[in-house]
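Take the sequences, apply the hints, and build the full model.
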Amino acid sequence: MHDDYSTTRSGMIRSKVSTPETAVNSGYPPEGHSPPGEPPYTRGIHKEMYLNKRWTMRQYAGFSTAKETNHRFKLLLDSGQTGLSIAFDLPTQLGLDSDHESSEGEVGKVGVAIDTLDDMRELFDDIDLGEVSTSMTINASATTLLALYVALADEKRISRTKLKGTVQNDILKEYIARGLYVFPPKQSIRLTTDLFQWCHENLPSWNTISVSGYHMREAGCTAVEEVGLTISNALYYAEESIKVGLEIDDFAPRMSFFFGCHNDFLEEISKFRAARQLWFEQISHRFSPKDSRSKKLRFHTQTAGVSLTAQQPMNNAIRVAYQALSSVFGGTQSLHTNSYDEAIGLPTDEAVKIALRTQQIISEETFVGDTVDPLAGSYLIEELTARIVSEATELIEEIYSSGGAMEAIKSGIQQKKIHESAWRELKKIESGELSVVGVNKYIESDKDTTQGLILDKKHSESQINKLIEFKKLRNTEEVVDSLSELRTACKSTQNVMNPLINALKSGATVGEVNGIMREEFGTWTSPSGV
Numbered sequence: 011m012h013d014d015y016s017t018t019r020s021g022m023i024r025s026k027v028s029t030p031e032t033a034v035n036s037g038y039p040p041e042g043h044s045p046p047g048e049p050p051y052t053r054g055i056h057k058e059m060y061l062n063k064r065w066t067m068r069q070y071a072g073f074s075t076a077k078e079t080n081h082r083f084k085l086l087l088d089s090g091q092t093g094l095s096i097a098f099d100l101p102t103q104l105g106l107d108s109d110h111e112s113s114e115g116e117v118g119k120v121g122v123a124i125d126t127l128d129d130m131r132e133l134f135d136d137i138d139l140g141e142v143s144t145s146m147t148i149n150a151s152a153t154t155l156l157a158l159y160v161a162l163a164d165e166k167r168i169s170r171t172k173l174k175g176t177v178q179n180d181i182l183k184e185y186i187a188r189g190l191y192v193f194p195p196k197q198s199i200r201l202t203t204d205l206f207q208w209c210h211e212n213l214p215s216w217n218t219i220s221v222s223g224y225h226m227r228e229a230g231c232t233a234v235e236e237v238g239l240t241i242s243n244a245l246y247y248a249e250e251s252i253k254v255g256l257e258i259d260d261f262a263p264r265m266s267f268f269f270g271c272h273n274d275f276l277e278e279i280s281k282f283r284a285a286r287q288l289w290f291e292q293i294s295h296r297f298s299p300k301d302s303r304s305k306k307l308r309f310h311t312q313t314a315g316v317s318l319t320a321q322q323p324m325n326n327a328i329r330v331a332y333q334a335l336s337s338v339f340g341g342t343q344s345l346h347t348n349s350y351d352e353a354i355g356l357p358t359d360e361a362v363k364i365a366l367r368t369q370q371i372i373s374e375e376t377f378v379g380d381t382v383d384p385l386a387g388s389y390l391i392e393e394l395t396a397r398i399v400s401e402a403t404e405l406i407e408e409i410y411s412s413g414g415a416m417e418a419i420k421s422g423i424q425q426k427k428i429h430e431s432a433w434r435e436l437k438k439i440e441s442g443e444l445s446v447v448g449v450n451k452y453i454e455s456d457k458d459t460t461q462g463l464i465l466d467k468k469h470s471e472s473q474i475n476k477l478i479e480f481k482k483l484r485n486t487e488e489v490v491d492s493l494s495e496l497r498t499a500c501k502s503t504q505n506v507m508n509p510l511i512n513a514l515k516s517g518a519t520v521g522e523v524n525g526i527m528r529e530e531f532g533t534w535t536s537p538s539g540v
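The sequence shown begins at 11 in the numbering used here and counts up one residue at a time.
Worth flagging that the hints you see were computed from the coordinates, not collected in a lab. There may be inaccurate statements among the hints.
[As the list claims (entries may be wrong)] Below are the DSS-like pairs computed for lysine-lysine, each with C-alpha atoms no more than 30 Å apart in a straight line:
#	residue 1	residue 2
1	K515	K196
2	K174	K467
3	K300	K174
4	K300	K196
5	K467	K482
Encoded structure:
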């Protein structure tokens, strides 16, 4: 046989030298469907998708102290990970210092504790911010953590134009599903749009928001609701940004999205295709952007945490593999694969490495990335895609008719839908209509001995003591002056980003800068929808 061809075990011939053109055009959908890389981007936002560049393998990590998390980052990077994704502990996410009374028992538990610029130095020790792409899962205190990241880059003399990454910065889904918000709606959106404006002028390669459907899906909504509610939120952010003087093409190219991937393999593939088409249609209709990048939905995917089980935890590795494969078939731009032991505790080093290897095996061994949108033209995939587009569009119109995403939140509309969907699924599991292997089917009586990562309590104590010592050694007068400037900015319409960066550089803590904002902005309680 000719050297340019090889025979697979099934006897099929695979070209070793297939061109991007043949890979793009193979498996073409029926007449009338646009090719990949062209509107409405159902088949993918790039003509060649993974042929020239694979998705970013971005494992979510963060626990205990900055030093411990830095070790995990280096393990992942040495194992072939191509982007960092930071998990912050609850106090950091709520803008509280580790020594605050409300932080007791939570320091370093579900993410890394970050209080000061010193912590950021340790977190990125020996990691080049000019080379690595960093995603930060932070919302209420997104401005603060991005300010710390920029302050560190400035200190290292890394040009702000070289910084690449994403800050989640999606407060609407916190009101709807996750609950980690601090400020009232008006002030929260002000912080969101301040970050948009500042990054437009200073961080051109930074994704200023990751509009997240993941957490709403984890809370119980359906695939259709995940797409519809996420796009509704994104449209609201666009409207609010335009109100403060930005043009749609000033920020939309740097908007990104974040979806979960669940167990219905074909529906999830169709969901991602539908989301791209729906974003193109909605943003084109409502804002008429001139830049084609504004119309392309770029998204990160995480496999479904809620699908993981403490019973028979090794089964989770199989679930994650299929969910990851579905994400790749759907055309994700970056991917996090959950570890098999996450239903038990924080993932161990071994489990994290297996999760990363899952992505690498999909990329290197299955050949699914060698064809763009390989399931295009499947009757079921095309029908599911069209149905999700149609039903999600109806949901978006319902949200708009209620006054838009924020007014609907105040009325509890999205929250109610999620509660109802979650309840329906729970009843199906309890009745056995929906199978969960190891939970309501193929149950084993033997107790599993798998353990998650055990955190050393001394690390949280060390973090608190380190913070107390930091406060003793800093220049208090400089801190007081910088916090006064931040307060002035909060009281006016001035963008808060520069005063925030200056305050953190002077030695102010995460808790102190957010304390100023609490005093000036107040707090709020979102309706439950129940």
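How the hints compare with the structure:
1. K515 / K196: holds, 27 Å
2. K174 / K467: Given that 30 Å is the threshold and the Cα spacing comes to 34 Å, the pair is violated.
3. K300 / K174: OK: K300 and K174 at ~24 Å, within 30 Å.
4. K300 / K196: Cα-Cα ~29 Å, so holds.
5. K467 / K482: holds, 24 Å
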